[in-house]
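J.: Take a look at the letters that make up each chain.
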Amino acid sequence: MAAMNERKLKAWVDGGVIDAEAAARIRTWEAAHARPLALWAVIGIGALAIGLGIVLVVAANWDDIPAMVRLGIHLALVAAALGLAWWQGDRLRDRNPWIEEGLLFVIGALGLSFFAHLGQAYQTTSPLWQPLLTWLALLGPLLLLRGQSWLTALALMLAMGGAAISYASGGYDTLDGRWSGPSPDEVAIVTSLPLLAAGLGALLRLSPGREVMGLRIEQLGMIYAVGMASLMAIGIYGWGSGSDGGDPDYGAGPLGLRAAVLLAGAAIVFLVHRAASGKAAAAVLAGAAAIVLLSGPAEGQTAFAAILFIALWAGVAAASIHGGWRATFQVAVAMVALRLIVLSFEFDDDLLGSGLGLIASGVMILGVAWAAVVIARRYAPPREASA
Amino acid sequence: MTRAALLRLGAVLLPLAGLAGLWLTTDRTASQGQVWLAPVEGFDPMDRLQGHYVRYQIVWPGIVDEDGSPRWSYEPVCIEGRPPIITEVIERQPGMACANPVNAQSVEPGRFYASLERAQSIERQLADPKLIGTLRFRLRPDGQIVPLDISFAPRPANRPSRRQAADAAREIEPVVEPASDGSDPPR
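Heads up: the protein sequence lines correspond to chains L and X, in order. Going by our numbering, the residue at position 67 of the first sequence is 67; the numbering climbs one at a time, nothing skipped. Going by our numbering, the residue at position 152 of the second sequence is 152; the numbering climbs one at a time, nothing skipped.
Bear in mind the hints are in silico, worked out from the structure with no lab data behind them. Beta carbons: idealized from backbone N, C-alpha and C, even for Gly.
To give an idea of the interface, some chain X residues facing chain L are shown, with a C-beta separation under 8 Å as derived from the structure:
1. Leu7
2. Arg8
3. Gly18
4. Leu19
5. Ala20
6. Leu22
7. Trp23
8. Arg111
9. Tyr113
10. Leu116
11. Val146
Given the sequences, and given the hints that come with them, work out the whole structure.
T.: This is the structure we're talking about:
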């Protein structure tokens, strides 16, 4: 490293790029800021070996350590990590934000595994949504307050979505002990609730220093909402033709409830996030509500279902132009193109049966893809400024 | 202390207090309820994730097929007797009065966490037709079964396993293990 610097400096001085004085200043600066990389590497390897050794010793003797001692150590580790985050959080963040982020990740993982550890020690079981919700309630505030990265935001969103889906898929009734799932209305409300992360993120943006994390949470909530509306639009013909004349999940009640939650999210984002991108986000949520409501009448109709899906993503594309989200616009165009291609197969099941049909569909796919690329390039808004 | 610092302190203390509280409540509920004994069979020996636990299925005494052979129950049941001895088990109907209800979650195949070595030993013994396994469990007031231990005793001749009883009822010849002493040499 130093040798290379020296050779370059000499070459630059000889070539007249910098004068000898500047070269001397560079040398002084480099000497003062040199990082002993080799030393750090050795220390790192040593720490890694010790850490791995501890893990192996604990794992090998896991069964011999009394459960209460294990739980105590686990809780002490959580306490130590939390203490470190409390005393040194700001200093760690100043040095490198990823150090604090890594610490938060460790705290989150230790917290989640504590539930599993309790279950193992006390021979208890519980449906997945219970530990996930408890984890969110206990660690959510800390992660929202200190988290910075996509990783942390995604962990929160996954916990919310996972808890909702786990609850919606049913469980044993504690009183009568029989397997039962929640009613379609309950499923609709519970699986819609995670999209309110969009509103939560918008609110979080208001507190100083939380703008970036708030934006990430808001965007993930929107992704959940658009994903839900897309699944509703796709599910229309998939599950539609039930023996009793329709899927109960597509009844007026469940659809109305989903739309209501979407509109509530739209209202929060609209009121709180007053920039152009906030209005665009609110419009997407409101549009998703309309799509969800219409997915009821469209049940079982191929063309109507496809139009709904395309309308949803065309709306997302329009909002992207308004809100200045370049990548989202390109994804939206790709989704519309994909849906058109799928539609062509839906309309003609036998398209692949004849060579001519295959050629025709191939030409159409190329055409749609070409149009999508052109639209995505030409009309995409410029790269988003960070806010 | 500023509002922001207070918030941070709260956010740090909340998970600690919450996890500790959860441990306390779990510990307290773990000692509730009475201890009972019930015969068990192995369940799903092909579970590849297995290791630190054993899957078992309780075979409630008195729950039988039309031909009188014991069968598994997937309904919530009601057990009667003086702990730890079960004298009678009936499948519970909704609204039925019951002193010791077991909910259906606990009637499903259960999971007993044990050390790797012990889990493998229990697994082998559960598969042994000459042994009868007994589960010692705590029945919590909410109908949950908390397994405490699985022990084994030689199977009495008058108490065939569920498989043996079912085979006998269907008059199926038990599969004879091929003799290994070469009495039937290959031709």
